[in-house]
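S.K.: The sequence shown begins at 1 in full-length UniProt numbering and counts up one residue at a time.
By construction, these hints were calculated from the structure, which means they are not laboratory data. Some hints here could point you the wrong way.
[What the hints assert, rightly or not] Under the rule of at most 25 Å between Cα atoms (straight-line distance), these lysine-lysine pairs were calculated in the BS3-like manner:
id: 1; residue 1: 73; residue 2: 63
id: 2; residue 1: 103; residue 2: 73
id: 3; residue 1: 103; residue 2: 226
id: 4; residue 1: 73; residue 2: 114
id: 5; residue 1: 175; residue 2: 111
id: 6; residue 1: 63; residue 2: 111
id: 7; residue 1: 226; residue 2: 114
id: 8; residue 1: 111; residue 2: 141
All figures in this text were calculated on a predicted structure; none of them were measured in a lab.
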Amino acid sequence: MDVSPKIYAEQLTIVDAEIFGRIRLAELLYPPFGPVVEESIARFNHVKMWCVRTILYQSCQTKRSNIISHFLKIASELQHLKNFNSMMAILSALESAPIQRLKNTWPLVSKIQKQTYDNLYELMSWEDNFRNLRDHMSTVKGSCVPYLGLYMNNIIGIYADHPPNEINNGWRMAKMEKIIKSVLVYQGSNYSHIRIWPSIQNLLETYQFSKKELSAMEKFNLRLSKTLE
Numbered sequence: 001m002d003v004s005p006k007i008y009a010e011q012l013t014i015v016d017a018e019i020f021g022r023i024r025l026a027e028l029l030y031p032p033f034g035p036v037v038e039e040s041i042a043r044f045n046h047v048k049m050w051c052v053r054t055i056l057y058q059s060c061q062t063k064r065s066n067i068i069s070h071f072l073k074i075a076s077e078l079q080h081l082k083n084f085n086s087m088m089a090i091l092s093a094l095e096s097a098p099i100q101r102l103k104n105t106w107p108l109v110s111k112i113q114k115q116t117y118d119n120l121y122e123l124m125s126w127e128d129n130f131r132n133l134r135d136h137m138s139t140v141k142g143s144c145v146p147y148l149g150l151y152m153n154n155i156i157g158i159y160a161d162h163p164p165n166e167i168n169n170g171w172r173m174a175k176m177e178k179i180i181k182s183v184l185v186y187q188g189s190n191y192s193h194i195r196i197w198p199s200i201q202n203l204l205e206t207y208q209f210s211k212k213e214l215s216a217m218e219k220f221n222l223r224l225s226k227t228l229e
């Protein structure tokens with residue numbers, strides 16, 4: 001990977017911010033979610049798969065450890081840009097079974113990058129419905145691309161606690177209003193100062209995998225991982 005982590009992070013952020021800005025509030029009002037939300041999910045899966053396959057397609061443990069370190073640097077740059085969506089996609093890739101089981105590769109990752117991994121993992125932890133991430137985002141100022149899954153989990157939880165047939169839907173509406181206000185704030189984010197690199201955008205262009213394709217690719221990645229180490 002000859003491109004710097006900063007440039008990769010910037011190009012990912014341009015796309016993520018553009019997609020997030022196109023989400024209509026009506027798409028988030030109740031599950032199932034709308035087409036732009038599905039596009040964002042496809043983007044997340046694409047970035048995750050790109051990370052996993054780039055690591056697995058390296059010819060030796062040293063190269064794989066270098067690529068893991070490179071993706072950790074990209075994740076750090078994404079944190080700097082406050083792009084938590086692609087940041088979560090990369091962390092999800094590093095947490096996936098095909099990558100976690102590379103027992104001969106991970107020891108070659110430097111202590112500094114392992115500490116970076118631990119810090120990012122703690123920030124994006126699923127514990128208590130992403131408590132650490134929610135606390136962190138409450139202090140964020142300026143442009144930000146939130147992790148969309150955070151909103152989706154909250155909305156699904158709200159509808160589980162307060163179904164549409166509930167006579168008094170005041171609680172549901174109050175909770176949804178809080179989410180909608182947050183989305184509107186972040187949809188105003190501006191990353192226009194970032195230079196667009198068409199060649200890198202082409203490389204990172206989203207391919208929308210079907211559920212069947214994703215499942216097949218995940219199985220293939222695990223088999224490939226087992227042949228490597």
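S.K.: Take the C-alpha atoms of residue 73 and residue 63, compute the straight-line distance between them, and say whether it is at most 25 Å.
M.R.: Given that 25 Å is the threshold and the Cα spacing comes to 15 Å, the pair holds.
S.K.: Within a Cα-Cα threshold of 25 Å, do residue 111 and residue 141 meet the stated pairing?
M.R.: Given pair residue 111, residue 141 is violated - Cα atoms ~31 Å apart, limit 25 Å.
S.K.: Is the hinted pair residue 103 and residue 73 satisfied, with a Cα-Cα distance of at most 25 Å?
M.R.: Holds, because 21 Å separates the two Cα atoms, which is no more than 25 Å.
S.K.: Holds or violated: are the alpha carbons of residue 73 and residue 114 at most 25 Å from each other?
M.R.: Within the cut-off at roughly 11 Å; holds.
S.K.: Hinted pair, alpha-carbon criterion (25 Å max): residue 103, residue 226. Please report holds or violated.
M.R.: 10 Å, holds
S.K.: Is the hinted pair residue 175 and residue 111 satisfied, with a Cα-Cα distance of at most 25 Å?
M.R.: At roughly 42 Å apart (the allowed maximum being 25 Å), residue 111 and residue 175 break the hint.
S.K.: Take the C-alpha atoms of residue 226 and residue 114, compute the straight-line distance between them, and say whether it is at most 25 Å.
M.R.: 23 Å, holds
S.K.: Starting from residue 63, check that the Cα of residue 111 is at most 25 Å away, please.
M.R.: 17 Å, holds
Checked against the numbered hints given earlier, this structure breaks hints 5 and 8; the rest are met.
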